[in-house]
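Colleague: What follows is the residue order along each chain.
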Amino acid sequence: MSIDLTQDYFSLFGLPRRYALDEPALEAAWHRLQSQVHPDRYAHLPDADKRRAMQWATRVNEGFRTLKKPLARAQYLLVLAGVDAAIETNTAMSPEFLMEQMEWREAVEEARAAGEVEALEQLHMRLLHHAREVRAELGRQLDVDNAYTEAADTVRRLMFIEKLQHEIDEALLALEG
Amino acid sequence: MALLQIAEPGMSTEPHKHRLAVGIDLGTTNSLVATVRNGIAVCLPDESGRTMLPSVVRYCADGRIEVGQAAAKVQATDPRNTIVSVKRFMGRGLKDVAHVEMMPYDFEDGAGMVRLRTVQGVKSPVEVSAEILRVLRNRAEASLGGPLTGAVITVPAYFDDAQRQATKDAAKLAGLDVLRLLNEPTAAAVAYGLDNAAEGVYAVYDLGGGTFDLSILKLSRGVFEVLSTNGDAALGGDDFDHRLFCSILERADIDPPSLEDARRLQMKAREAKELLTSCEEAPVHLVLGSGEEVDLVITRDEFAEMTRHLVQKTLTPVRKALRDAGLTPEEIKGVVMVGGATRMPHIQRAVANFFGQEPLTNLDPDKVVALGAAMQANALAGNRAEQDDWLLLDVIPLSLGLETMGGLVEKVVPRNSTLPIARAQEFTTFKDGQTAMAFHVVQGERELVADCRSLARFELRGIPPMVAGAARIRVTFQVDADGLLSVSAREMSSGVEASVLVKPSYGLSDDEIAEMLKSGVEHAGDDMALRALREQQVEAERVIEATEQALTKDGHLLDAGERAAVDAAISRLRALREGDDHRAIKAGIDAFARATDEFAARRMDNSIRSALAGHKVDELEL
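These protein sequence lines map, in sequence, to chains G and X.
Going by our numbering, the first residue of the first sequence is number 1, and it counts up by one from there.
Going by our numbering, the first residue of the second sequence is number 178, and it counts up by one from there.
Worth flagging that the hints you see were computed from the coordinates, not collected in a lab.
These figures come from a predicted structure and were not determined experimentally.
Worth double-checking, as some hints may not be accurate.
Listed below are the simulated DSS-like cross-link pairs for lysine-lysine, each with C-alpha atoms no more than 25 Å apart in a straight line [claimed, not checked]:
#, chain 1, residue 1, chain 2, residue 2
1, X, K497, G, K68
2, X, K497, X, K510
3, X, K497, G, K69
4, X, K588, X, K497
5, G, K50, X, K349
Facing chain G, from chain X, some residues (calculated, C-beta under 10 Å) [said to hold, decoys possible]:
#, residue
6, G327
7, T595
8, D659
Just a sample of chain G residues kept apart from chain X, beta carbon distances all over 12 Å, derived [stated by the list, open to error]:
#, residue
9, E96
10, Q101
11, M102
12, W104
13, E110
14, E116
15, A136
16, D145
17, Y148
Idealized CB from N, CA, C, for every residue including glycine.
For reference, chain G alone in the conformation it holds in the complex (with noise of 0.2 Å):
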């Protein structure tokens, strides 16, 4: 076994290769991992040491965070995978969602500029239940069916969602001084 820095992920944390995350598992390893490589076991080596648990660490915390949360462990998959998700320049999204994303977004426009924090908290909760069915279609679709074209479609709408539940948050914040 070979072990170097381009090495991916799920191999570094001991996990198979799917979307469906055992989360106790990866923060065991997680765990164990860093009880190798993080900085504070090495603060009384030489500097070339040191150096070199912060790259490591670094990449474990990396690796974690990639795993971890289900739209980076999705887009992670895809470029294992070798599937362009486009997503910088691919935006060509289905007219029906793009609708629903445009009433989502006067909601909470309104909400915010209305300082109703009760109105922006509903919507946060019904956009929370809907990332949820988004998410376990992506798992079908990346576990099941092997559809990674597909795949890539559900990854950018998971992002709209994310932008989206991101800024009621920092509308959320913002109310609250």
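Mind docking chain X on chain G? Use the hints.
Modeller: Positioned in the frame of chain G, the structure of chain X alone reads:
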């Protein structure tokens, strides 16, 4: 099963070689130094048996510098030269500091950090803090009987990059080797968690003299994982004193007091606040220099009422931290109270109401941070014993970003990311033929650059001329385990590179520190060269010892030729170590590091491999 018996990299294989390491709580009001002795963390007292050193520094007209009790005693007679609560100025410009109009100092607002004009000249907050640290270092070295290998210095979790850098600079100036900057609530969680073998999700409510932090941690099987942190780096017990002081002025209906009277009244306010922790009322009596008399009584309820808004102000960060961690107050198993200000009964009540449970007050809120820092220092110095095989995973408190078009912030590293972390973002040129690009690094949560803290500005030059949008400039942020940032930028097609250690806007440059060290030498008459030599010899000893230990354990990773080269490097450094030229030893240590770099790389790969192998073994056993 042999794979599971491999010693942890941080664990000492020679327990008799105990390295002297301390934890220092550099507080707004009081500072402490602690160490681990015979496996137990203890705060080190001064000759009079006092562990707490008031964070007060006085520059005397005769050139002496008084620190602690002596300075605190005369603060009312020489307020301009007696600096209290200097932590509030660390990494801060004048406009960032609250209530400056009420302070007796002669400020100088230069580029970056505010400075203070004293009878001994202009002093930066870094220099003032270094005086406090120096006293604690001397106390520790006298008590432990030798030079320190290193120290862990605690900082408020909500300190930004500029404040952290300023703290690290102060430690360097005081001659301390900083093993790690540790967040105060995390240090408290370590002390509490290890003492009580705690498991589960805990909140640490840390209200110090001048800072407030709220951290949420998950404790599980020796791992202390910070889930989120929030706070207010300019809110603390001092603000309660100040509110009480203003109220006393209003009620006594007196003319604006002199600097001396103001300082005496502030001390009276603090005494009254402390008295109200145990009594229902506190008298305030003082005859001012003008002959006017202040004579009134403050009740506990009155005090609670006049500071209610301050208590409420702490609950906003609590809510934000919970939301970032995705938790509700009911999911918190316990709330650890830290900082002397949490002794105030109405604070304990507010916290109990919010979390629906009585907070944990069974540890000394003044000492717990220093004790936790000592435990971490002991582990980092390589004194780790088998039973303290624990791991800290901390986070960055505030997002880091870059200024983009229109004065907006593009976030690159989100707050609450586990450290260390690196993040890269790509940018492109805006005009045809553009050959340079300016970057402005900021920290904070707001959308506008103007509302965030400016950390650094730098330029990438020498970009080959291309049409607008064709260049690909990759900007990488790296935040280390101390929470300190370095940024580099690279044009991907040409490889042109620029990087900064984020310091310039608010920190001190290395030259400034060197200058201060030099003047410190002249001033104190300390034999700097001898100290530098001793330090380099200790460092050389340390790297040789570490490498020999590694050879015993992992020597099989080298072939005979490589082994001979490492052995030769050890002999060379050992010979240099016997000399008396600290620069030659330093150069030798650097050369040694290069000669053993490949060996270090293989050991690291090997330990990761064993972590994975251990994982496989675990799976088989399930």
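Colleague: For a quick check of understanding: which of the numbered hints are violated here, in increasing order?
Modeller: none
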